[in-house]
Every structure is written in structure tokens, then in C-alpha cells.
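Protein sequence lines correspond, in order, to chains A and B.
Reminder that position 46 of the first sequence reads as 33 in this note's numbering, one-by-one numbering, no gaps.
Reminder that position 425 of the second sequence reads as 434 in this note's numbering, one-by-one numbering, no gaps.
Source of the hints: derived by calculation from the structure; they are not laboratory data.
Don't take each hint at face value.
Okay, derived cross-link-like pairs now, BS3-like style, lysine-lysine, Cα gap no bigger than 30 Å in a straight line [to be verified]:
#, chain 1, residue 1, chain 2, residue 2
1, A, K308, B, K138
2, A, K308, A, K297
3, B, K47, A, K235
4, B, K294, B, K336
5, B, K430, A, K308
6, A, K400, A, K390
7, B, K225, B, K47
8, B, K138, A, K54
9, A, K390, B, K294
10, B, K250, B, K138
11, A, K235, A, K308
12, A, K400, A, K384
13, A, K235, A, K400
14, A, K297, B, K47
15, A, K235, A, K297
16, B, K250, B, K294
17, B, K250, A, K400
18, A, K297, A, K400
19, A, K390, B, K250
20, B, K47, A, K54
Calculated Cβ distances over 12 Å to all of chain A for the following chain B residues [what the hints assert, rightly or not]:
#, residue
21, Q181
22, N306
23, V308
24, D310
25, Q411
All C-beta atoms in this analysis are idealised placements derived from N, C-alpha and C, irrespective of residue type, glycine included.
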Amino acid sequence: MGILSREQALEIARGLVDTSTADETEVVIESQADRFVRFAATGPTQSADRERHFVSIRVRIDSGEGKREGAATCDGVDTALTAGALERAVELARHAPPNPDLIPLGGPVDVEDRRPDEATLEHGFEPKADWVRTAVEACEREDLLPAGLTQTGGYARAVVNSAGRQVYAAQSRASFALTASTPDLVGGAGFADQIAATVAELDPDEVIRRAVLKADRSRGAEAIDAGEYTVVLEPAAVSAMLLFAGYKGFGCQDVEEQSSFLCGRLGERCLSEGLTIVDDASNDFYPGIPFDYEGSPKVRVDLIDRGLVKGMVTDHAWSRKLGVPNTGHGRMQPSPGGPTTSNLCVAAGDQSLDELIAGVERGLLVTQFHYTNLINPRELTLTGMTRNGTFLIENGKVTRPVKNLRFTMSMTKAWSQITGVGNELHVAGALFDGEVVTPALRIDGFRFTSTTAF
Amino acid sequence: MTDMLNLAQQAVEHALQAGADYADARIVHLRREELIVKNGRLAQASSPEEFGIGVRVMQGGCFGFAAAPISSNGREGLARDVAHKASRTAAELGSAVVEPTRLAGSEGHVGEYTTPIEVDPFAVPIAEKLETLREAEASLEGASEVVVRKASASSRREEQWQASSEGAAIHQVLVRCGAGIAATAAANGRVETRSAPASFGGNYLAGGWEHVTELKLAEQGARVRDEAVALCSADACPPGKRTLILGGSQLMLQIHESVGHPNELDRVYGHEVDLAGSSFATTEKLGAYTYGSEHVNLVADSTVHGGLDTRGYDDECVPSGTWHVVKDGRFNGYHTSREWAHRIGEGRSRGTSRAEGWFNPPIIRITNLSLMPGTWTLEELLADTEDGAVFADTVKMWSIDQRRLNFQFTCEIGWEVQGGKLGRMLRSPTYQGTTPEFWAGCDAICNADHWQLWGVPNCGKGNPMQVAEMSHGAAPARFRGVTFVDA
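Chain B extracted, bound-state conformation (with noise of 0.2 Å):
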């Protein structure tokens, strides 16, 4: 860990004696575990590790970055020449900065911090976990419509070093978890994928093989198979306007699009315009505007236990913490970094600036971003709701406008609201909507009992793209007036 931040630090002194004004080094080693089997087979069973570092600088109010693998010999030679690199960027871009750059507050914390876990799951034997898969696809055997039956596990286990010219000094090491089964059937001129507990190769935790041991996988393989095979046969969700229940595992990309992205501060002053757009949540709503009913609380948490950007710190060296992003439906704050946060007025930052590995320079991610609870069991809400809506659950297909206003998304599945319960099963609800209406139309949202996170492993942002890691936690809630749309 010391030879490690002691590079660190070197590559700061490098970057300073180069001419930097302030200069940052971060060495990330990246392990990681990917385990699929498909129809009976060993589909994918990969083993990455990364090991480098990345150093960035301000100088004359510009940032410069460089990166490098790190190797067995001549480290310290790396060092140099990776902060001579960043620094030499810096001074050669000079001349185009209109607007000299600078960094809120001053952020020379020494900590450490690492995820708690029960079993790390780089320690438990790879024939145990390819049992636990095969028995998990063995599951959804049984149905001749199946025509791709797939389970998948997935660890991570990131080290990091972070050293700062303002006396940053900082180790973690982040694990998570995830995994999950899904079955393709094909009948009827029609193809249905069903996954459990969620798409995107299931759900991921921060933590250790517990996780993947609790899904319980091979438990629910029969009633992904059988939900699949009669996805091709089911009605067509009907277009029209209509209530919406939307299950946790859809609920959670709702809250990653439509409020996660648009907090962003840097697409709110155009800075992602280039590729991954602007927001429509400017500044001048922050704090007045009606974001959502007042049954809407969300909450940006790095801190929370199990989030998939839970951590000490981000990658400004700033520590972890929460924050309401709206509060009883009135929107009250942004996800910034260092560069961003004096813009409003703000002296720190909320600490949400991270990179993709040690390749990438940091920008400003969504956190672990939740909706809060509400009181209803999901029993009580069907029992409230009018026949005809529609409870719909886990992402299919999710796509929204630049500036975050304009949505539609499919769901895998969806069932018929008839009679205080789930009645007739539908096939690729599809609903479109623009973000403020949607959630003023959202009247009540289920306990803490059906609350949980959902892992998000794959949000891409920045340019050239990075792909990051977070949590949204959310329990089923209700939408009234939601148009649903033929797909």
C-alpha cells in the first residue's frame, strides 16, 4: 500500500517541478471475475486485472491528463514521465483557455476506506461459483420455446491509490457483486427475453459473494422460463393514457434517466453537449421547482450501505455523502465536482467526480441516487388502483432526449391491473412521457419493506465515453396519467 501511494506522491511532485499549480495522481489496480454459462455450457469464463496510473494537472487554468500501465520495473521513471506528459498537455493547450479553470475548496485528505464484505470472491473457489451458475441455468430448462438460457455471475475488486498537491493521501479497495439468470423464448413469429432480479446481466451490490449466494437464483429459473414462453403469446400492451405501478427494477433506470442525469451540473452548463447532451434542470430551478409530487424525495447517497458507488471518497480525493436531489417534490440540489461546484455558489464539492479505471480523467457521475419510501404495501396499492392500469417491471429498452425531458421505455413485462390485483399478462409495455409530468403524476410509493438497490453497471458519459458504476434504490410507486405507446 506505501510503495503504491509513495508513487502516487512521487508523480504529484513530478507534475509540480514540471510546473503544474495543482496536481493529482491516482493508481488504480482493477481485478475482475466474468462467468457465464449459456445452454449448458461454459460461455464466458474471463479473468481481467488492470494496474496503472493516471495523473492530472492544473496549470494556467487548464487541466491536462496522462496514463500509463504500470509496470514491475522503472516505476518511478513511469511517474515522471506520466506527470511530465499531463503537464506538457496543459502548457500546450494554454493558449486556447478563455476561461482559466478552477477547483473548489481544498480537499488534502488522508483516509482509507473499504467495502464490507463477508466473502470476498476472489477467495471462494471457482468450482463452487461455476455450480452456482450451472444450477441457476439448469433452471430454466424445461420449455422447447427456450431458446437461450443464460445465467451469469460477475465480481470486481478495485484498489486504489490517490495522492493530491494539497496533501491528499487516500487507499480503498471497492468489491461488488453481481449476477442473474434470463431466458430467451422464441414462438408465434415473436423472441421474449425474461431476467431475474434484473436485466443488464442481473443485480450487483458493493460487497462479497453473500450477494450472489441471496438472489437465489436456481429458485427462480422456472418462473423466468415460463413468464418468457408466455411473453409470445401475451396481448400487446394497448396504447392510450393510463395509471402506471412500476416495479423497482424499472423504476430504478427511470430515476437513473430522468433525475440522476439531469442533476449532472456539468451537461446543465453545456459541457456534454458534444455528445452526451444538456439537462433541462437549470440553474435558476434550483430550489423552486416542482420536480415531482410532494410524495417525491430523492436522495444522492454515497455513504449507503451496499450502493455501487459507496465509498470514502471520489476521485478529487472528496469525501462521501447525502444529499437531497429533490425534497417533497421541489428540486433541491446537482451532483458536482470541484470545477463545478462555485457555480452555484456552492463551497465544496458534493464529491461526485470519478473515472472509469485509471485511464480516464474524472467527470461528474451520477451517485448512488434513491427514491425514498413511501407507506403503501403493494397489496394496499393494487387494492387502490383502478382495473385497466398497468404494473410493469424490469428494463427492456430505455431511450430519452438530450436534455433529459422526453422519454420512452419498455419493459419486459407488464400485467393488467383487474380487480385490486395482477390480471391479464402484457407483452412489451411501452410508455413515453416527459420527465417534471411523470413524476407530478407519481401519488404514492410502497414501503421500506419492498425498497431495495438496484445495481446500474454499465452508465456511459463523457467523451470519449467512460462507463460507471451506481445504485438506485425504489420500491414499486404509482404514475397516474402515463401514456402508453405501440411499439
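For reference, chain A alone in the conformation it holds in the complex (with noise of 0.2 Å):
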């Protein structure tokens, strides 16, 4: 079946909602398929051909009391899962207590059409094999072991209430990503990847070329001190940075909640002036879902603008309580979470690489990092390694591979150390979830605090 169309989903969560007994009902449905292919050097390790349909639904019941709200999710369209949860929500709503919080769903809204690319939808696994097979041969002519994945798929979301809201939209996506590393996964390695909203767009033997040279480069580091270094971190090592931001950050509830790095800033030009960060599910260069959870319309939001603080995300209930626009970045709700940024993209500069590292004295190039995570979100300050080529760059040359290292540090305070900014922009996933659209960044006095062995 694959992906719901637009008819499908639209009359099942209008069914749905004609169904419920409840006095305001929405219903939201994702589906999803994909066709992935994990790889080594032994051939395809993994692979999967799979579908799945969430269907969630949420209701109110105004007792006389207040507005008693539940809801519960099925993971199916089929009418015996979809009623009983619309059961169960109803049960949850009947014992909840009234909630004076709730305003009324919204109503109609116009949001852009989205449709996904069918050539990527039924991308098969014979073409994804002849990619394994290139990156699996390129790795074993320089002696180096594979590792990597290849998935196209679709995403369709669609939002369907009791105020008359109802809307509809889908999304293709193709990725292909290799690290390569020396056969003891000690001597060196290098990451390269590509994500897309189309299979055309991918070039799976430039990914392969990019990954196996960075990994050749890297053969022989060396270890280096940790310290403060100037950095030229490539858009992956970016995409860990931002998804943080997105996380714990760019939300209007971090910032009442006390726990954002927009606390006291908002307003203030403290960081650099080549950042520009905006979330915007209509770029073109990796356009997203038009609307939230919620089936509110997502805005372009000015987050950063050239070093300035500007603004924060909100949903539905958010946007009522502070007196600002819905700017459509809801969660499925009911959410203890809040509103979260979906599509950030980091506005490119005017320096390639090449220029970006010719401007350092001494310092270091970063593919990747791995395993960041957040210490304290009023300053943003992460931890992280380095991982899968890792560079010195001297005198405006990169010249020797060198080991991993941790890096600590606010990210408040590197964001106001950016020198240079890349001019090309790529789509970047980070380790544990999430895409950005980003250049490469360059940044003075980045903090590193501790080796690795490898």
C-alpha cells in the first residue's frame, strides 16, 4: 500500500471525527514507508521493506466543570483499532480533570500543497545493491571496511478536526551515507552521507569518493593536546550544535520554563553576525511538513538574525497564553514538551571549504561528532567528540590527521566567536535524531577538553 494518499487519510480521520461522540475531536495520522539497506564489508546486513500508519486521536469533553481532554493512539487504519482508540481516549478524557488551559481547536486553514517524489516512493533494492556493491568494492581497493546505510522512503501527515481544520501533506526522502575505516576501526576513518527529498538528487559515488578519501587522509593520527582551537566544523559537526538548540531552546516553554538559552538574550545581539538561523519548513533546499501537529500552517520563524536574537517557536495553546502568533511548531499534543523547531536551516555565507580553512593559523577540521549531549541549557553547553576525520589545519592548509578529542562548551559563547561562514548548504543529520539544513562553520577558541586513544 505504502504511504496513505491524500483521499485515504483525509476520509478515515474524517470518519473518525463524524464517529466521535466527544465535543471536539482531532484526528492526526502519519504514515510512513521506506526501503532501507545496512551494509559492511560481509555485503547488505540489514534490510527492510516496511509501512506503518499511526493514527492519533485527541478529544474533549466539556462535563459542565471545565474541559476534560484524553487521547490515545492505534497503530493501524483498521476500523477495529481505530475505534478503540477513539474509545480509549473518551474513557481518558471522562477521568481526567478539568482543565481550565484548553481553548478550542483551531479552525479551517489554507497550508501549501507537498507532494512526495513516486520515483523515490518505489525505489527498489536491486539499484540500492549496485551502491553496496560500488561502496563495499571502493572500500576493499584501499584496504578499508564499510559501513553505512541507504533508505528511500515517504512521510504523509494529515490533521483533521472537529473545527472544520483539514489538511494534508507528504513528503519523499532518499539518503545515502558511508564511514569507512581502516581494518583495525582504530587506524582512522571518514564519514561521508547525503540526504534528499528525491533518489535523482543523490549521487551515491560522490558520497563513496568523499567518505573513502577522507578516511585515506585520515590513516596515521596522531594525538594532540586538548585546548582552545580555531575550528572549521563541516555541516555534520554543525547539525549536533543546532538539533540541541531545537530541542531545548528555540521553544516559547523553554524560555517561560527557565530553560532555554534565549533566557535574557532575546532581543540582544550577542552572537555573531554571520548567523543567521531560521526555521522554515518551505525553503527550497529541503522543504518539510507545511504544518504542525496541530494542522497549524508553519511559519518562517527569524530565530537568529545576523547575531541577533530574535524570536522562539510556539503552538496553538502557547500562542493564546503569551498573546503572540501561532507560529506552528506543536507537537503531537497533548505535549508536556512544548513547541520545538522542525526545519532549521542556518543561512549560507560567502567562503567555500577551502576559503573557511585557509583563514586559520592553527586549528582543527571536524567531520562529525558524536554522542552530544546537553549540560546546561541556559548556556546551550554541550559535550561531544570528534569522530571519522578529524584534521590540523596550519597555516591556512589542513596537513595531518590527528586523534579525536571531547569538546565542552557553551554554545552561546562559540556562536560569538564565528569568523566565516560556508557558502555551500547541505542537509545534515545528527546521531540520535533530526535534520538541518547548514553550511560549514568556522569558529574561533572552541573548547576541547579531553583525548581519545583512537
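Grab the two chains, each in its own frame, and use the hints to assemble them into the complex.
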């Protein structure tokens, strides 16, 4: 079946809203299908051809003492399952205490049309087998071990509620990623990937070339002391920082709960002039679903504007509570987490990667960060390890590979020390979740606090 | 039960007819309930349900997997379609196979397993559960600095039916519950969170609602609130090298990250390098390598009462078991699967291959892995420890390198040891180290009276990532010469 079409999803959602006996009902349907292959030196190691459909139902019952809310989800669009979920949601709402904070569900809206690429949805395993074979052979020729993933698929979301809202959008996604390592998994490694909205945009040969080249250049890495360095962070490394700003920072609830680096900085021009960050589901480079989990249209939000800490994202309830516009960044409701960014984009600058490197007297080129995590949300202090290609830069040139280091640093400080922004945008994913659109960044005084053995 | 097992068996037959050399099918019916009371409001009351089938085949030495949700109609057709998809996946990837995959042993077991519970969490009236949380959340009231008060409970019931072409026919019902409270205070330009009994939403155990009742969350609220407020004005834990005593709710993550993950055999062979990473615990070290001091015994056990990964069989139909991962400080054993066991000359898998739900193929996962208790009481241990040492507990932040050597962890709270007792409170104790050196510094572990299982509900691994659950038993333990850093 693949992902649900507009007609299928809206019919199921509308049917549930119409059936519901609750005073207010909202149905969110998420539908996904993918085909992926993981691979290593032995060839394909895992593969899957999958589909799933989530139905989430939120209901409100007005008992006379106030509105009560409950929610339930089911994994499938079968009538018996969805009816059961609706029943459970109503049951939970009946027993929930009245919640005076609940405001009426949002009414009809217009959203951008977004359709997936059919060729990406239908992309099969035979061409993926060719890519895997090419990667394995390229690594074998250079005495390297491959480990990678290629994945194609689609995702659709529909939101229908009893206030007349009815929206649907779908998108496709294709990716190819390769990590090439020396056979002992210690002597050096190189990572490259590509994430795109359509499979036609993928160039696995180029990804393989970059990963193998980087791994080859990483051989014989030598230890370097921890300390402060100017760094050139490639897009994959930048993504690790940005995602934590989205996870805990750019949401208005984080600010209200004093758990955001925006606290005390909103309206302040305290970051580097080269840094501009927006949340923009309509960006041309890698657009996202144009509405949130409440069906509210996503608005482009200027979060950081040339160093000025400017904005935060909101949802239906928080916009009403704060008296500000709804930017369309609600999570699946009800949520204790508050609104969150979904399509972070860093504006491109004017320097090529070589030019960024050329501006470094002594520093480090970082391919990727590993296991980055948040220590202090008020300063956006993060720690993490470099990974899959870390190189010393001397007098504007990459001179030799170095062993990995751990950084521990406030991003508010790091982002006030940006001295160069790359002119090429990439879609980059972080280790655990999420994707951003970003160029490379050059940052002075980046603090590395310890080293490791490889 | 029979219907679902029949459906799984039909899927296996269809896969064999389509050309598979081996096939297994797993049907999962998962029901959860997530309740959160936050700042006096019901912030989440959700009841998710999943029901689907995943079929894995081995064909020409290549795995293929397919998965789809189960509907009330057309189930036989669904079993056929999913089985054929899995077979076709393996067939189309056959040209890329360099080294055919093979499975260790034969695991045609027929069996049942059900988590022992006293109180079915889904039979407890919702009003009763909400009242428990409301009382727990209200117990955090009383300080203007507290900006977030939260009480949460989570219940989960997973019913599985597994069949394989080797004759396996397995039915399992796995139940777990968890709950916790947390207060976030903001003052002096700082924001600090204190949790009980652990972070990640509390503590979770395999079992019924009795576990939530036994936690007595409302009795801990005042302490949690006051500690969150006090942390905002507490001194930062100073950097430098000194003795560290870790409480169980922090030590469990130390075990997880620096012993559990590096002992997954697929990582050792580089098959997780694309995301999670590899391991320093390479195969030539098995049986000889000094992983820690002689006090360190770490036992993997998928049979222990209350463990989040306590079950009858893993997702490759292999029975649960117990073994030492580290014995008297020596590296003694890996977590394996049927795909990997023979690589180290073992004839059978340790039974630690699991998938998240029905939607994913199984991979090696950490099972319940515990640091065995020592002989000390906590009072004796503190009395035996020099001034200036730090007692730290509860996970705040964790990070470790891709070979599981360099780690850096931050705890929610710490206290300086002064005169053999807990003295000055310390904010954000952050310690950094290298795995074998850290465990080599372990010179004392508290006794069984202090030992308990701590649940990890959010372990991520695989690519695309899957989430698994497991428990780690620990009692407070002392580590010498630990490096504390500024954070």
C-alpha cells in the first residue's frame, strides 16, 4: 500500500471525527513507508521493506465543570483499531480532571501543497544493491572497512478536527551514507553522506569518493593536546549543535520555564553577525511538512538574525497564553514538551570550505561529532566527541590527521566567535535524530577538554 | 493466541515457498499508557496501541525483512504479502553479498513466558492512577523557585507470537511499569532539575502497578523540591582528581554505556560503525583483559526478577540466560546473536537479539546487566572515605566516544564527603574518564541491602535507530582517582 494518499488519510480521519461523541475531536494520521539497506564489508547486513500508519486521536469532553482531555493512538488504520483508540481517548478524557487552560481547537486553514516524488517512493532494492557493491568494492580497494545505510521512502501527515480543519501533505526522502574505516577500526575513518528529497538528487558515487578519500587521509592520526582551537566544522558537525538548540532552546515553553539559552538574550545582538538561523518548512533546499501536529501552518521564524537573538517558536496554546502569533510548531498533543523547531536552516555565507580553512593559522577541521549531549540549557553547554575525520590545520592548509577529542563548550559562546560561514548548504543529520540545513562554520576559541586513544 | 501463532507460522511457510532458506515471523501487540501531571494540570494522558507483523528471511546468505500493520480482515493475505516482500528484498540484494550470513545453532523452541505481576496496570482504574500522580505532583509544591513540577507514570504490555522455520512456536506477555517525579527550579540565573527515584521519568521494572505503589512518590516530593532549589545556589563541583562514590541511579548508566554497549559483538566487528560506533573490547581481549579491579563482577541476566529485558526468549527464539560479562575484573563474555555467536567460536547465541516492536529487524541489544554487590554498608563506605571525595547520583548528562573509551557524565547532584558523612552540596558534578581505568579504580561496592535494579527505558542503537529497554542492578560503589571537570 505504501504511504496513505490524501483521499485515504482524510477519509479515515474525517470518519473518526464524525463518529466521535466527544465535544471536540482531533485526528492526526502519520503514514510512512521505507526501504533500507545497511551494509558492511560482508555486503548487506540488514534490509527492510516496511510501512506503518499511526492514528492519534485527541478528544475533549465538557462536563460542565470544565473541559477534560484524553488521547490515544493506534498503529494501523483498521476500523477496529481506530474505533478502539477513539474509545480509549474518550475514556481517558472522562476521568481526566478539568483543565481550564484548554482553548478551542483551531478552525479551517490553507496550507501549501506538498507531494512526494513517486520515483523515490518506488525505488527498489536492486539499484541499492549496486550502490552497496560499489561502496564495498571501493573500500576494499583502499583496504578500508565500509559501514553504511541507504534508505528511500515517504511520509504523509493529515490533521482533521471537529472545528473544520482538514490538512494533508506528503514528502519523500532518500539518503546514502558511508563510514569507511581502517581494518582495525582504530587507525582512521572517513564519513560522508547525502540526504535529499528525491532519489534522483542522490549521487552515491560522490559520497563514496568523499568517504574513502577522507578515511585514507585519516590514516596515521597522531594525538594532539586538548585546549582551545579555531575549528572549521563541516555541516554534519554543525548539525549536532543546532539540534540541541531546537530540542531545548528555541521553543517558547523552554523560555517560559527558564530552561533556554534565549532567557535574557532575546532582543540582544550577542552572537556573531555571520550567524542567521531560521525555522522554515518552505525552504527550497529541503522543505518539510508545511503544518504542525495541530494542523497549524508553519510560519518561517527568524530565530537568530545576523547575531541578533530574535525569535522563538510557538504552538496553538502557547500563542494564546503569551498573546503572540502561532508559528505552527506544535508537537503531537497533548504534550508536556511544548513547541519545537522542525526545519532549522542556517543561512549560507560567502566562503568555500577551502577558504574557511585558509583563514585558520592553527586549528582543527572537524567532520562530525559523536554522542553530543546537553549539560546546561541556559548556556547551551554541550559536550561530545569528534569522529570520522579530524585534521590539523596549519597556516591555512590541512596538514595531518589527529586523534579524536572531546569538546565541552557553551554554544552561546561558540556562536559569538564565528569568523566564517560556508557558501554551500547541506542537509545534515545528527547522531540521534533530526536533520538541519546548514553550511560549514569557522569558530574561534573552541574548547576541547580531553582526548581519546584513537 | 493460537490464531496469531498460526498467522506467524503461515508467514514462515509463505517465506519458505518464496525461496527463503530460513524464516522467522514475529507478531507484536503492544499497548502502552503514558500519564503526566505537570504544574497542576494533566499534561499527557495517552494510550497508544500497536499491532503488526515482521517477517525475517535468510536467502542466499542475505537477510531480508518486511513489516506491516495487522488489520482485522485479510490477515492470511497480509502474511503472504509480507513474507514475499521479505523474500524479494533478500533476493534483490543477493548480488551484493560478499560473505554469506549464517545462523549459529538451531532454536526450534516451543514455549510461553509471562511477566509475573501482582496488579495489572491496565486494570487499575484511571482515576486511581491519576490521583496517585496528582498527590505526587502536589508534594513538589511549596517553593516559588520551582518552575516545573512533574509526576509521570508509564505502563506497557507487549504480547508476542513468534514462529520460525526451525519449528519455534513462542508466546510471551511482557509487562512493565514505571513512575517518577521531578522538580525544576530557577534562581540565581541557574536552572536545576532534581528527579526521584531516577531521571528518564523515574524507575521502571518488569511487573505490575504494585511497582508504582511501592515507589511512594509523594513521600519524596519535599526532599526533591528542596534539593532542586538548593542546587541553584550550591557551589559548582570543583575540577580536579579525587575519589568518587556513585549512587545506583548514576552507576546504572555507567554500566550501560561503558560495559553494556562495548560488549555487543556486532559493534566489535564494525557493523554498527555507521551510527552507534565500534568497541575497544575486541575479541583478543576475551578471557584475559583487565576490565576493572578484582571487585568488579558484571553479570548479564535476562532471567532476573523485575528486569526490563527479563523474558523467556529473545527475538530470534533463543532462551534467556545468565553469564558474566566481567568476572573478578576480567573480561569474560559478549552479548551475541545467532548471526554473531559463531564468530567467537560459540555454538549458540546468548539470546540478546531484540527488535523494537514489529516494525524492525532484531539486532544485538544489552540485556539486564548488573554490577554485583560487595560487602560494605553505605555508612561504612562513607566513614572509610577521605574528606574532599564526592558522592554523586542521578543522571543529568551522558556522552561517550564511539569506541566506548572516553566518557563524560554529569550527575544531578553531589555532596562533598566531610568527616565520613555527606557534607556540602555540589552542583553538576561532572566526571570524565577512560573505561578500563575507571573500572580499575573501583575499590569498594556496597552490599546487597543497597542493591537494586534501575531501568533504562530509552536505549538507542541501530540504523535506522531502534529503542530498547533493559535494567542494570547496582549498589553505591567507590572509584579512586577520578577526574572532575568544569562544565
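These are the hints, each one checked on the structure:
1. A C-alpha spacing of about 29 Å is found between K308 (chain A) and K138 (chain B), which places the hinted pair at or below 30 Å, so the restraint holds.
2. For a cut-off of 30 Å, the pair hint linking K308 (chain A) to K297 (chain A) stands: about 19 Å separates their Cα positions.
3. Only pairs whose Cα atoms come within 30 Å are accepted, and K47 (chain B) paired with K235 (chain A) is accepted, the gap being roughly 18 Å.
4. Simply put, K294 (chain B) and K336 (chain B) have alpha-carbon atoms about 13 Å apart, close enough for the 30 Å limit, and the pair holds.
5. The straight-line distance between the Cα atoms of K430 (chain B) and K308 (chain A) is roughly 47 Å, outside the 30 Å bound, and the hint therefore fails.
6. For the suggested pair K400 (chain A) and K390 (chain A), the alpha carbons sit about 25 Å apart, so the restraint of at most 30 Å is met.
7. Using a Cα cut-off of 30 Å, the hinted pair K225 (chain B) and K47 (chain B) holds, with the two alpha carbons roughly 18 Å apart.
8. In summary, the hint linking K138 (chain B) to K54 (chain A) is supported, as the alpha carbons are separated by about 20 Å, within the 30 Å threshold.
9. About 23 Å separates the Cα atoms of K390 (chain A) and K294 (chain B), which keeps this hinted pair within 30 Å; it holds.
10. With a C-alpha separation of about 46 Å, the suggested pair K250 (chain B) and K138 (chain B) falls outside the 30 Å cut-off, and the hint is violated.
11. Annotation: proposed proximity of K235 (chain A) to K308 (chain A) holds, straight-line Cα distance about 20 Å (limit 30 Å).
12. Restraint check for K400 (chain A) and K384 (chain A): satisfied, since their Cα atoms lie roughly 26 Å apart, inside the 30 Å limit.
13. A C-alpha spacing of about 17 Å is found between K235 (chain A) and K400 (chain A), which places the hinted pair at or below 30 Å, so the restraint holds.
14. Using a Cα cut-off of 30 Å, the hinted pair K297 (chain A) and K47 (chain B) holds, with the two alpha carbons roughly 29 Å apart.
15. Distance hint between K235 (chain A) and K297 (chain A) is fulfilled; the C-alpha atoms sit about 16 Å from each other, no more than 30 Å.
16. Under the criterion of a C-alpha separation no larger than 30 Å, the hint pairing K250 (chain B) with K294 (chain B) is consistent with the structure, at around 29 Å.
17. Simply put, K250 (chain B) and K400 (chain A) have alpha-carbon atoms about 27 Å apart, close enough for the 30 Å limit, and the pair holds.
18. For the suggested pair K297 (chain A) and K400 (chain A), the alpha carbons sit about 17 Å apart, so the restraint of at most 30 Å is met.
19. Between K390 (chain A) and K250 (chain B) the CA atoms are separated by roughly 24 Å; this keeps the pair inside 30 Å, and the hint holds.
20. For the given pair, K47 (chain B) sits about 17 Å from K54 (chain A) by alpha-carbon distance, which is consistent with the 30 Å threshold.
21. For Q181 (chain B), the shortest C-beta to C-beta distance to chain A comes to about 19 Å, beyond the 12 Å cut-off, and the non-interface label holds.
22. No beta-carbon of chain A comes within 12 Å of the beta-carbon of N306 (chain B); the shortest separation is about 25 Å.
23. Here V308 (chain B) stays apart from chain A, with its beta-carbon at least about 26 Å from theirs, past the 12 Å limit.
24. The beta carbon of D310 (chain B) is kept farther than 12 Å from every beta carbon of chain A, the shortest such distance being approximately 27 Å.
25. Not every CB of chain A is more than 12 Å from the CB of Q411 (chain B) (nearest about 5 Å), against its label as outside the interface.
Figure legend: structure checked against the earlier numbered hints; hints not met, in rising order: 5, 10, 25.
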